[in-house]
Amino acid sequence: MTDLKEFTHVIDGYKLRQVEVLTRPLRPGVQETRYKIMYHALAEGQVRNEIEGAQLLGLDVKGRPFRRFLLEFRRRLFAPLLFLDTETSPNFNTTQKANFECLRKLATFQTLVYRHCPENACILAKSIIELAVQNDVTLVALEMATFLKRYYVERVPDSEQYLYYQAYVERLRLDWLAENKAMESYQAVIAPAVKFKSTQLQISKRAHALVESLSLYKEKCNTIIFVSGYYATRYIGEMARFHWHDAIAVCDEAIRSLNDKLCTSPRIMAVFKVHKVICLTMLDRYTEALRLNSEVIQAEIEGSRNWFLYLDNQLLVSLKATKYQFACETATKIYSSRNFATMPESIKESWTLLAAYLILADRNESINSGIQLEKVLNFRLNKFLNQVPNYSKDKKGLNVPILIAQFLFLLQAKEFDRAHDKLTSLRKYRVKHFNTEDGYYRTQLFIRMLCSVAGTAFNKKLFLKKTVDMIKTVTQIPKGHPDQHFKIEIIPYEILWQWVANCLD
Amino acid sequence: MEEFRELVLLLKNYSADQHIEVFDSISIKQSPFWVEGVFENGYADADHQMAPTPGMNGHSKATCHDPSQSRQRLWNTLLFLDLTQEDHHDPRRVAYLCWQRLAVLKTLMAAGAFKSLREIAESILQMATAYELTTIVIETAAQLRQFCALHDGNMSGFKKYCQLIDQYENILQAEQAADDEYCAFLFLQNQASCSAQSLSQHAKEACQRLQPYADSCTTSAFVLNFYFLKLQAAFLEAEWEKVVQISNQATQLLSRKSVSSPAKIGAFSLSKALGWANLGQLDQALEALNAAIADEIEGNLNWYRLQEMKLTWLLHQSKYAAALDLAKTLNLKNKYPEWPQEQKRLYNSVLLSLADLGILSIPNRVKGMLMANCLPFRNLHLPEMSSANLDAKAALLLLQLPKWIQSGASGQVANWFQQYLEWSGACAPQSRRLETLVTTLQDIEAGQKPAQAALECITQLKNLPLDYSSPEAAPEIIKIEQIMDTLIRL
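Top to bottom, those sequences are chains A and B. For the first sequence, our numbering gives the first residue as -2, with consecutive numbering after it. For the second sequence, our numbering gives the first residue as 5, with consecutive numbering after it.
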């Protein structure tokens, strides 16, 4: 009972009536605290903004009492957040559950340490260290081992235990350092691609140098985070050089390595599989790509965010492979999912674009799905044509498929003036963002072909004459080389060229 | 309110409330361990005996009898305790709050709730940087770095956090090296075969290895281990001026930081006090000891130990009235935990013995209070030689010496102390002082006049000063010289 008695010192000093769990239901007839009232109002959607929040409490929205309330309210949300129900939720796999458990225990452990409850801290550390080590939760394992090492040399001297935990600490310190370096390397090569213009070659060189420096740890560290960071840096380096075969080899090596670890989460494995899918797609190996992607989807929990992202991949690859029927089935699966509404707008916008191409395919190729695609995909053409999507601001080059799709819809509707405006935007975009060093040769050529439509006064014969040589050149350039962003050419340009021609008289 | 809604929805979607098993204010105080922990010491108040309120958290209301279940619930409760009544700037509080928030941050990251993430992370980083919580700084900066890289594409932010991590990795390396050296020293110290000389040598070499870091790293974690090692070397070589000097340096370094834990500074104040005491400067020692006491949390076991030390030193200085006042205060301390019973009884007995000897006058009211918690100090019988409380037994027997000598049983007491020396493992200087006492008692048994023998004993003890560096092994709550002095007067 020593460890339990230890608590009496800590808890005796508190006003225990203030132990409050905000997430518990409101009790009828009991005057609840403002924090609990606010929590439930937010959960029920009764409060949508600060004005409503202040009104609920009878406070001035700009006054200091309300600001102070918000600060304290946030603080009181922290403790319940450590108690997420990961056990019954389908959205978390075993490794993630172990992670959450370790984090919760870490918070408790450190509280015990700094509140002078060493006996409890010792019990907790011993009970959680194995779980943390088994699941590669290195920080948690390191903190526990460091405490136990000191405990067995300072508080309860025991040479054997001390030496045991000392060895643990040394290993875990190295793991922690290596993980940090690996993640930094991965982030260093992935960050430029998120927002900034960066030539692929620079990324490739940087990745190569970083992989070199990580090789110091390669023999010594085998944690999931390190292995993931290390191989992710490597495949980004290979992909940045458009070495799709090499990138596939790296992904395979990573998958093998992670497979050896029992605690590897399918989600981490999926990162490498999905990138292999991209590489296979860039090599026109669509069948293999789709098969692997299906494997990834199978391993993911239906309705989770990642499940949607993998379906998004499947939809894109199916369109590239011109397997419109399969694309149609995939899109239906996405849009009919119960969790569709909970997905972020940015992801939904990506689906809208793919839906637009699917509808274009249906109009040009008659998929014969037997369903009204516009209705199923909740596609509103006017909205699509008039909105400037966030997606366009996101990454270099991805504005192109949006403008092309808008142009095709307008061309089909014979709205030549508005179609001309889209061509102007495309031309400006090409001049502004693409140059000869940038690659994107297929896209650059195709934009030039499209822009030539305006010069032919939307005449089919003239258009074909003017572009026949260009389309031959496009066909000769493989999709994966030179540089082409995975998502820029949603349906092969050769087919889009045919669709353009079909729309002209 | 968007970021609040994100958190609230996360909680709502994952039904956290079903899994938060905390004790409510009523049930926690009805559990058996609470009753044992609080009530067994004779302390109770009306609030602790409240009846359960109907309708309080249903599933947590039941009293837990299974210790592991109780423990789990208590651990959970710990995260929900109201913290507003504590000192917001207490470094220990900041530390565990930062760890709690880091765990929340990583949970949010793993659960994909990004809206609140940045704000929480920035506040953790600010606190952890200010309070030198190196691991937390690195972990939080790594989360922010990831956020910048993967979500924002913010390269300048990414670089900023990379630099911060680099900087703190160097600090962490220094802190880890100091921790390793200190643990290695303790490990050696725990080995029975290790001599003081080799220990001292080890401490000195460890300090030399850490010196390069000392120039660039001044965090509390590093300073503590580094200066503790320096102190150990000085202690082991009995270089008391050096002990005072090192303690002063460390206290100055740590005091400059608002983030230093008072208890850690207190540890150096105590070393300084012991240094001064061994230099024979008990006034300065008491001053330093007072500083150490002030830095401790009032009422914890360490605080009581320091107060006992102060009590002993006041008695050594023959400041009996001050000692009585202090004992009175400690006796009256009724907030849990109380002054440990064994020590309380020993010191009360010492004061009462002094009163019996006519050295100290104790008012009847106070005497009654001391008598209520004391050992049988008036019974002349030789205590059993067992390892339990041997020092306390020796301390009490020392006080009874004049009576034993007067009753002509010096030889028996001499034999007892002879045995005590074999059993207790008292440190060398302490043993020599007791050996002198044993010789004196044997001389008296052999027929020497007690006053003459006592005088000779005092003369010999002048060359054998009391070693204050290992106070736990010292039975001399009243110095042998003082007892001999009493013998002469008698």
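No lab work stands behind these hints, which were simulated from the structure alone. Misleading hints may appear alongside valid ones.
[Stated by the list, open to error] Just so you have them, the derived chain B footprint on chain A, three or more residues with Cβ under 8 angstroms:
hint : region
1    : 66 to 75
2    : 110 to 119
3    : 167 to 177
4    : 272 to 279
The beta carbon of each residue, even a glycine, is placed where N, CA and C say it ideally should be.
We went through each hint and held it up to the structure:
1. Coverage of the region 66 to 75 of chain A by chain B holds [criterion: at least 3 residues with CB-CB distance below 8 angstroms; count 5].
2. Only residues whose C-beta sits within less than 8 angstroms of a C-beta in chain B count toward coverage, and the region 110 to 119 of chain A has 5 of them, enough to reach three; the restraint holds.
3. Coverage of the region 167 to 177 of chain A by chain B holds in this model, with 3 residues showing a Cβ closer than 8 angstroms to a Cβ of that chain against a need of three.
4. With 0 residues having a Cβ less than 8 angstroms from any Cβ of chain B, the region 272 to 279 of chain A misses the three-residue criterion, and the hint is violated.
Against the hints set out earlier in the document, a violation occurs for number 4 only.
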